[in-house]
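From just these sequences and the hints, can you work out the full model?
The primary structure of each chain is shown beneath.
There are 2 protein chains.
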Amino acid sequence: MLFSENLEKLIQSFNRFPGIGRKTAQRLAWYLVAQDKNFALNLAETIKTTVESFKTCSQCNMLSESDPCPFCISPDRSDSYLCVVENSSDIQILEGMNEFKGRYFVLGHLLSPLDGYGPEQINTAMLLERIENLHPSEVILALKPSAEGEATIHYLWELLKDKGISITRLSTGIPFGGDLEYSNLNTLANAWKRRYTVQ
Amino acid sequence: MLFSENLEKLIQSFNRFPGIGRKTAQRLAWYLVAQDKNFALNLAETIKTTVESFKTCSQCNMLSESDPCPFCISPDRSDSYLCVVENSSDIQILEGMNEFKGRYFVLGHLLSPLDGYGPEQINTAMLLERIENLHPSEVILALKPSAEGEATIHYLWELLKDKGISITRLSTGIPFGGDLEYSNLNTLANAWKRRYTVQ
Ligand SMILES: [Zn+2]
Ligand SMILES: [Zn+2]
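If you read the protein sequences in the order shown, they are chains A and B.
Taking UniProt numbering, the leading residue of the first sequence gets 1, the next gets one more, and so forth.
Taking UniProt numbering, the leading residue of the second sequence gets 1, the next gets one more, and so forth.
Source of the hints: derived by calculation from the structure; they are not laboratory data.
It cannot be assumed that every hint is accurate.
When chains are identical, the list treats them as one kind, so a pair holds in a single copy or across two.
[As the list claims (entries may be wrong)] In silico DSS-like cross-links for lysine-lysine, where the CA-CA straight-line distance does not exceed 27 Å:
#1 K101 / K23
#2 K55 / K37
#3 K55 / K101
#4 K37 / K161
#5 K161 / K23
#6 K161 / K193
#7 K9 / K48
#8 K161 / K55
#9 K9 / K101
#10 K37 / K9
#11 K163 / K101
#12 K55 / K23
This structure is a prediction, so every number in the text was calculated from the model and none was measured.
Pasting the structure below:
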């Protein structure tokens, strides 16, 4: 028995979010229906206002309510360090460290030629222009160590290696709190290869 | 640096959903901002339409777009079996079994006197009226085996035990695919006590 076409539509919308399976989507949809209506109506309004106010920063390609974005115009951040990320949301995660005070660049996608994401789709030209303007001494490729991430890191390294800039990437290995037993073999083999002296 | 007040509001709204932590809320909010705007605007519209169309069924207390709900008016379902659940969403989960063809009743909350949920708040009078009208031969208390669930099961059993109705509850024990090692002691002790002959 179909509960309600509207509810089913709502469940399917939540199901489209990354990492939200059918069961969680059901839970979210029913929560909205069961809560006081104002919460749900406010959420609907917030979604509308937010997505309508966001655009892409013409300098760093980040999603932001202003162009240039706060990170590109801030006088408190250094042009010497440029951190390249896959998505705008990665910036919020990295900012959580409260460690990095340089500039950002958002690729928008990792290199994945079979899915139609070649060098143009990951905004290579815009990145080169950004580097041209900022003259950073270090470009940090803060991309995830997946097959696509590795391909992108390699591609960008080839592109940038002769420009006299230090090209770095995040350390890979066993995560803190991670268990050897539950690490996959790639992670383990990589951590073994990258082992370092205890001091 | 605050990214955007709107985005922060959106993150905090998602964070209010059960089981959605701050990190997942961030992921959901950014996904909405990064997708094509139509998806987000449609979601906002679906939320509005859905919550505005849902009300409570006056017979079973379920959230539904019609009163009586489809389960209460369906001629294909038997009055002989009444399944009591905590929330409307439990009905969708149980319907997934495609096994039960009786009626439902939604308590809305488990008994939890310290949080202000006494017999009146869990709609005891409405349940008694429902039983009066349906004359079921079996009432299935499909409540979770938590402290509050057990208290509610016990309370409802006391209330109904002298009415000549069979009062049942769902089996408790080790879940399929569950590991002895990862079962908590209550689950294990209960499964031990309820062990049954293999045949
Ligand atoms: Zn920017
Ligand atoms: Zn009903």
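Hint check results:
1. In this assembly of identical chains, the alpha carbons of K101 and K23 lie at most 27 Å apart only when taken from different copies (22 Å versus 40 Å within one copy).
2. When the C-alpha separation of K55 and K37 is checked against a cutoff of 27 Å, the pair qualifies only between copies, where the shortest distance is 11 Å, while the shortest distance within a copy is 30 Å.
3. In this homomeric assembly, K55 and K101 come within 27 Å of each other (Cα to Cα) only inside a single copy, at 23 Å, whereas the closest approach across copies is 51 Å.
4. In this assembly of identical chains, K37 and K161 lie within 27 Å of each other by CA distance neither inside one copy nor across copies; the values are 56 Å within and 37 Å between.
5. Taking identical chains as interchangeable, the C-alpha atoms of K161 and K23 are never at most 27 Å apart, the minima being 47 Å within one chain and 35 Å between chains.
6. With identical chains, the CA atoms of K161 and K193 are at most 27 Å apart within one copy only, with a shortest distance of 23 Å there and 68 Å across copies.
7. In this assembly of identical chains, K9 and K48 lie within 27 Å of each other by CA distance both inside one copy and across copies; the values are 18 Å within and 12 Å between.
8. Taking identical chains as interchangeable, the C-alpha atoms of K161 and K55 are never at most 27 Å apart, the minima being 31 Å within one chain and 63 Å between chains.
9. Taking identical chains as interchangeable, the C-alpha atoms of K9 and K101 lie at most 27 Å apart only when they sit on different chains, with a minimum of 25 Å there against 43 Å within one chain.
10. Taking the shortest Cα distances, K37 and K9 sit within 27 Å of each other both inside one copy (18 Å) and across copies (17 Å).
11. Taking identical chains as interchangeable, the C-alpha atoms of K163 and K101 lie at most 27 Å apart only when both belong to the same chain, with a minimum of 22 Å there against 71 Å between chains.
12. For a Cα distance limit of 27 Å, the shortest separation of K55 from K23 across copies, 22 Å, qualifies, whereas the shortest one inside one copy, 32 Å, does not.
This entry does not satisfy hints 4, 5 and 8, going by the numbered hints stated previously.
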